[in-house]
Every structure is written in C-alpha cells, then in structure tokens.
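Generate coordinates for the entire structure from the input sequences, incorporating the hints supplied.
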Amino acid sequence: DAKTTQPPSMDCAEGRAANLPCNHSTISGNEYVYWYRQIHSQGPQYIIHGLKNNETNEMASLIITEDRKSSTLILPHATLRDTAVYYCIVRGTVQGGSEKLVFGKGTKLTVNP
Amino acid sequence: NAGVTQTPKFQVLKTGQSMTLQCAQDMNHEYMSWYRQDPGMGLRLIHYSVGAGITDQGEVPNGYNVSRSTTEDFPLRLLSAAPSQTSVYFCASKIGISGNTIYFGEGSWLTVV
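The listed protein sequences correspond, in order, to chains A and B. Those letters in the first sequence? Residues 80 to 192, by my numbering. Those letters in the second sequence? Residues 23 to 135, by my numbering.
These aren't lab readings, by the way, just hints derived from the structure by calculation. Just so it is clear, the structure is predicted and the values come from calculations on it, not from any experiment. Don't take each hint at face value.
[As the list claims (entries may be wrong)] In the BS3-like style, the derived pairs of lysine-lysine whose C-alpha atoms are separated by at most 30 Å in a straight line are:
#1 A:131 <-> B:116
#2 A:148 <-> B:116
#3 B:31 <-> A:187
#4 A:82 <-> A:131
#5 A:184 <-> A:148
As structure tokens, this is what we get:
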C-alpha cells in the first residue's frame, strides 16, 4: 500500500479556506486518494475521494497533481466545527477483498475564531 | 437515518471476562468491518464480512470472534479480555466490496483492567 505524508498540525482562521496537503509519491495507477476526518471522540467521517481529476462535493474540494504524487484537500470556508484530524489515505486492499485502510497520523486542523 | 450504531459506548472489563460489542447498520450494506484505534497506531482492521454468513480475518484478529447472521448486525466478541485489548473500537460498513464510502459508528471505548 502507498504511504502518505501529512503535516502533523495546521491552523486556519474561521471563514478562510483551509488547504491540507498530502504526499503520496508511491501511489500506483489504480489507487484512489481518500480523505476522512475524525472529530474528537467520534468515528471517522468520509469527505471525498478521487483518482486523477479534481473533485468537489458539498464538503470540500480535492486537487490532485498531474503526476498524482500529491494532493490538497480544500475546505473553502472553514468553520469551528471543521476542527478535526484529517486523514489522507490511499486505498489499499488485502487479499480476499477486505478493506485495509491505513490511516496514519493525519493532520490536526484547528480552526480559530 | 441511524447509520451505523454501536453499543455500548463505554465499558470496563476485568481481565478474563468476555463481552460482545454490538454493531448494527440500517443502510442494507453488504460489507461490515471492525477496527481498533490505539494511540499512534491508526485504525487496524480486526475482522470483516462481505455479506451475511461470511466473515474473515483482518490484520489483528487474535482474541476476537465475529459472526454475521443477518445483513444488519455484526457483533464483535472478546473471548477472554486482556489489558492489551484496551482500545477504541469502531464498526464500519459500506455498500459492497467495491463501495467507496465507508461509514463508521461512533466508537466503543473499552478498558480492560
């Protein structure tokens, strides 16, 4: 499975865009990039995923570089409720089709008033 | 919608006791799984199921049993609790093996003393 590298922490002002980077230089051609977040004491929450094109949904935008070695999650107008640990994941599978999500340590995003 | 529901949320066990963590989902998802989350270790897959009557082991299955008699329920049994099983447990589900979005429960905090 491809490994990902994220900064351990970031700060963002409320109302501003939060740009969270992720490096995944060993990603293989058929692996997707997923983003999840985990608010304190809650289960992880799916945000967005993509293969090579930029993606946008109601929560965020995902920008993937052309070489697919890195990506950026963008929260366009961060709110205090966006304070969470954000995980960038390259989807891997174990034999038999199980879902082996390697979450790593993620980025602790703090949105400040 | 309830989504993925786990019970209990908190539990303290004595070493050697057995217990069952309950997980139910109301989304008619075929795929369900159990993870444990420990500080610095990310999420590790314990067991998973691709459908009723089918279960398989993940990365860290020792000391745990599962069964899948219905599509909705996927209980996790600790046979003889050990302090090393002190952790936060998350149940998750998705529509099928190829499903992209994984839905997590709120977590069960287990302490074994």
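Between residue 31 of chain B and residue 187 of chain A, does the CA-CA distance stay at or below 30 Å?
Within the cut-off at roughly 24 Å; holds.
Can the restraint linking residue 148 of chain A and residue 116 of chain B be considered satisfied, given a maximum Cα separation of 30 Å?
Holds. Residue 148 of chain A to residue 116 of chain B sits at ~27 Å (cutoff 30 Å).
Is residue 184 of chain A within 30 Å of residue 148 of chain A, Cα to Cα?
Distance ~19 Å between residue 184 of chain A and residue 148 of chain A Cα, so the pair holds.
Would the hint linking residue 131 of chain A and residue 116 of chain B be met if the CA-CA limit is 30 Å?
Answer holds: residue 131 of chain A to residue 116 of chain B is near 23 Å, not above 30 Å.
Pairwise hint evaluation, residue 131 of chain A against residue 82 of chain A, where the allowed Cα distance is 30 Å at most
At roughly 17 Å apart (the allowed maximum being 30 Å), residue 131 of chain A and residue 82 of chain A satisfy the hint.
In this structure, none of the earlier numbered hints is contradicted; all agree with it.
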